[in-house]
Each structure stands twice: as C-alpha cells, then as structure tokens.
Amino acid sequence: MRIGVVTFPGSLDDRDAQRAVRIAGAEPVALWHGDRELQGVDAIVLPGGFSYGDYLRAGAIAAVSPIMSEVREAAERGMPVLGICNGFQVLVEAHLLPGGLIRNANQQFVRRDQGLRVENADTAWTRDFATGEEIVIPLKNADGGYTADAETLRRIEGEGLVAFRYTGVNPNGSVNDIAGLRNERGNVVGLMPHPEHAVEPGFGPDTSRRMRSGVDGLRFFSSVIGAVAAV
Amino acid sequence: MPTIVVEIMPKAELLDPQGKAVTGALARLGHAEFSEVRIGKRIELTVDGPVTEELRAAVERLAQELLSNAVIEDVVAITFPEPALDGAGAQGVR
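Keeping their order, the protein sequence lines are chains A and B. Take the first sequence: its letters are residues 0 to 230, numbered as in numbering that gives the first Met the number 0. Take the second sequence: its letters are residues 0 to 93, numbered as in numbering that gives the first Met the number 0.
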C-alpha cells in the first residue's frame, strides 16, 4: 500500500508523516507540490508546516498549487485524503472541507498535548477508533481557530461532519470546540492536532502508564490502511 | 502603469486578534479612546496593459476566489484606475 505525502515549500512535518506511514506498515511516497502526478498512491496526506510562509492566508497559496488539482480530483473520486494542521488549512482553502481557520483567540502559538474526542469513527482515517473515544495527540499552531457562518455550522453539526472535538480546554477559540472535520463521504478528514507525532513509544505524549508512550496517532494511519484494503 | 487596488477586511463578527493587540498597544500609549482596531489588507495589482472589461471581471472574481476567503473576510473595495483624458490616471472607486 502506497500513501503519498505532499511537500509544499514550507512544509515541516512531511518527513514525520512519512515516518508515521512507515511505522503503520505502508509505503510512504513523497509527492511534490509543483507536480501533477500522484504516482499511483492509494491515499494522500497533506502535512503540517507553513506552506508558502502562510502568505495571504494559511494554506491559501498551497490550495491552488499544481498538485492540488490532482488531489481535488482524487478526493472527489473517493481517495482518502488527510490534512494535518497546515494540511487542514489547505483543505478548507481548497473547499474540500467547509469553514475557515483564523488566528488563535489568545493571539499566541500554542503547543500542548491535546485531548480530543473522536466524534465520528465512520471515516477512512478514523475507522479504528470508536465514536466517543478520547485520545491525546500533540497540537501546535498559530492559526487554529475554526470558524464558519451559522448556516454552515448548522449543516456541519446536523450532518455529523465534526470528526474531532477538543476536550479539557479549547486551545484556540474554535467554534463548538471543533478540532477536525470530515466530508460527507468520509474520505476527506482534516484536523489541527498532529497524529503523526504520536505513533512510536518514546516519542509521543505522556500517558498515565509511562512518559511519552502515547501512540493514539497511529490509528489514523492503520485506519486508512484498513479502509484502502477494504475497497 | 495602471494599478488596481483590492481592499479586504476580516469579517466584522469575527475576532481580529491583530486588531485587538494594537488596541492594547494604543491604550498603553495613552489612547484608550480607540475602542476597537481592525486590520485588513490592501492588495495592489499592477497591469501590463489596458484595464479591459474582461480584466475587471477577472479581478472581481479573483478577489473572491483567491485574494480573500469569503468564510472569514469581506472584499470591501476594488478600485480600478479611470482612463483619464489627460492620461494622469485619476482613481475611481467601484
């Protein structure tokens, strides 16, 4: 199984995403923003970072890069696409997910191990979780405040498109504590926190059992491997 | 060369953290009379040639599609250069 990870100028977590794919048991494939070629991958990760230096708006310029027209077409065909942090910003700017992301309400960059509740396990990237399950993965961003107009918000909530909600504290002022979304079909998922940083014991968030042993992020990647195998 | 100016503001109902920080800085300078500051963007598009009707339409579309994000921002003005008789390039607001 081949999972593509797109590198934009300014991507930071592309190598971490590739590593997560490898640890989960799939083959990572490096994709380049300027190409129009998906190299036959089965799923795509848009990684975190500051693509194009967050110029104009976070994710705005990456959303119109050459590879994104291919990603959009693949997503519309049903290929699993995961946007992490800046990748989530790219997905909303590309209109593959609704709403928008603005500067954190406290005006500061936030880095913390963040509690999340899985609100919807019926997606290609969350099928190995249980709906309602609580997980902890790292969060680190400046522009993570999720927002949408009242009508869009009603639709998102009404159609069960919220994939993850913050638990404990709302770190960035996101409306309804929204941390991540899915599309109607469940193949496209975006979230601000970083599952790829919680995939290997010794390098993840602290747990009650042992320091840095949290690997809740791994199931994002095992989920998509299962989803692709099931097609 | 003609320059088209696109002005964009964060939506009024959304928190503008930059503006909020500047409001605080103004207050520290003794100017608490400014109850709110909001910060937007001014984008200048210089054109290599005449500003045609097609170009105007393209700018109006691109202002919505790329230069702003309608979820979080409003395009508050697009100013096209007026073709002045004396060639001085007076500005007209549209």
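Any given hint could be a false lead.
Listed below are the simulated BS3-like cross-link pairs for lysine-lysine, each with C-alpha atoms no more than 27 Å apart in a straight line [stated by the list, open to error]:
#, chain 1, residue 1, chain 2, residue 2
1, B, Lys19, B, Lys40
2, B, Lys40, A, Lys139
3, B, Lys19, A, Lys139
4, B, Lys40, B, Lys10
5, A, Lys139, B, Lys10
In short, the hints are calculated from the structure, not lab data. Note that the coordinates shown come from a computational prediction; the quantities given were computed from them, not determined experimentally.
Cross-check of the supplied hints:
Distance check on the hinted pair: lysine 19 of chain B and lysine 40 of chain B sit about 16 Å apart at the alpha-carbon level, within 27 Å; holds. For the hint pairing lysine 40 of chain B with lysine 139 of chain A, the CA-to-CA distance comes to about 26 Å; that is within 27 Å, so the pair holds. Simply put, lysine 19 of chain B and lysine 139 of chain A have alpha-carbon atoms about 22 Å apart, close enough for the 27 Å limit, and the pair holds. A C-alpha spacing of about 12 Å is found between lysine 40 of chain B and lysine 10 of chain B, which places the hinted pair at or below 27 Å, so the restraint holds.
Of the pairs offered as hints, the one joining lysine 139 of chain A and lysine 10 of chain B holds, with about 25 Å between alpha carbons and a cut-off of 27 Å not exceeded.
Consistency with the previously given hints is maintained throughout, with no hint failing.
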